[in-house]
Amino acid sequence: FKIAAIYFESGRELLGHSWEEDPDTMLRLCSEEANARFAANDNIEIMNMLIDEVMNQPIPVQDKFKVSTIKIKSALAVGNLHESLDIALGFCRKLGMPVPKNKPVSKLVIMKEY
206 FKIAAIYFES GRELLGHSWE EDPDTMLRLC SEEANARFAA NDNIEIMNML IDEVMNQPIP
266 VQDKFKVSTI KIKSALAVGN LHESLDIALG FCRKLGMPVP KNKPVSKLVI MKEY
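Position in the sequence shown (first residue = 1) + 205 = the numbering used here.
Please note that a few of the clues may not be correct.
What the hints assert, rightly or not - Below, a list of computed lysine-lysine pairs in the DSS-like style, where the Cα atoms sit at most 25 Å apart: (1) K207 / K271; (2) K299 / K271; (3) K278 / K207; (4) K299 / K278.
What the hints assert, rightly or not - Just the calculated beta-carbon pair ranges, DEER-fashion: (5) L294 / P265: 28 to 38 Å; (6) F270 / H222: 33 to 43 Å; (7) P303 / L219: 34 to 44 Å.
In case anyone wonders, no lab produced these hints; they're calculated from the structure.
Glycine included, each C-beta is placed from N, C-alpha and C at the ideal position.
Could you put the whole structure together from the sequences, leaning on the hints where they help?
Structural data, given as structure tokens:
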């Protein structure tokens, strides 16, 4: 996966890191590079930068699905269950899905944290 990430990075460099010229290709390159870096556990800072770059683009929310799932999996991989749940619920809200704003905490969760 590390070699794949290098190829995706080279593709982004060839496009001049510009979203204006070919946004679909940049979306694919950024998404796939972020996924390759996650799979290889390689340079998580760059992975997060790529995810943020995609999330900040003025593209449809549906096009941001892949990087959102990578961000969720990354949070789960380091044991941040609450963060991954917040990311997932936030993305569902952006899609217009009905999601409770503040789900009450169960007694079991409260007991587990003590």
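Each hint tested on the structure:
1. K207 / K271: Status holds; Cα separation ~19 Å.
2. K299 / K271: 14 Å, holds
3. K278 / K207: Roughly 18 Å separates the two Cα atoms, so the pair holds.
4. K299 / K278: Distance ~19 Å between K299 and K278 Cα, so the pair holds.
5. L294 / P265: 28 to 38 Å: Violated, since L294 and P265 (Cβ atoms, about 19 Å apart) do not stay within the stated range.
6. F270 / H222: 33 to 43 Å: At 22 Å between Cβs, range violated.
7. P303 / L219: 34 to 44 Å: 42 Å, holds
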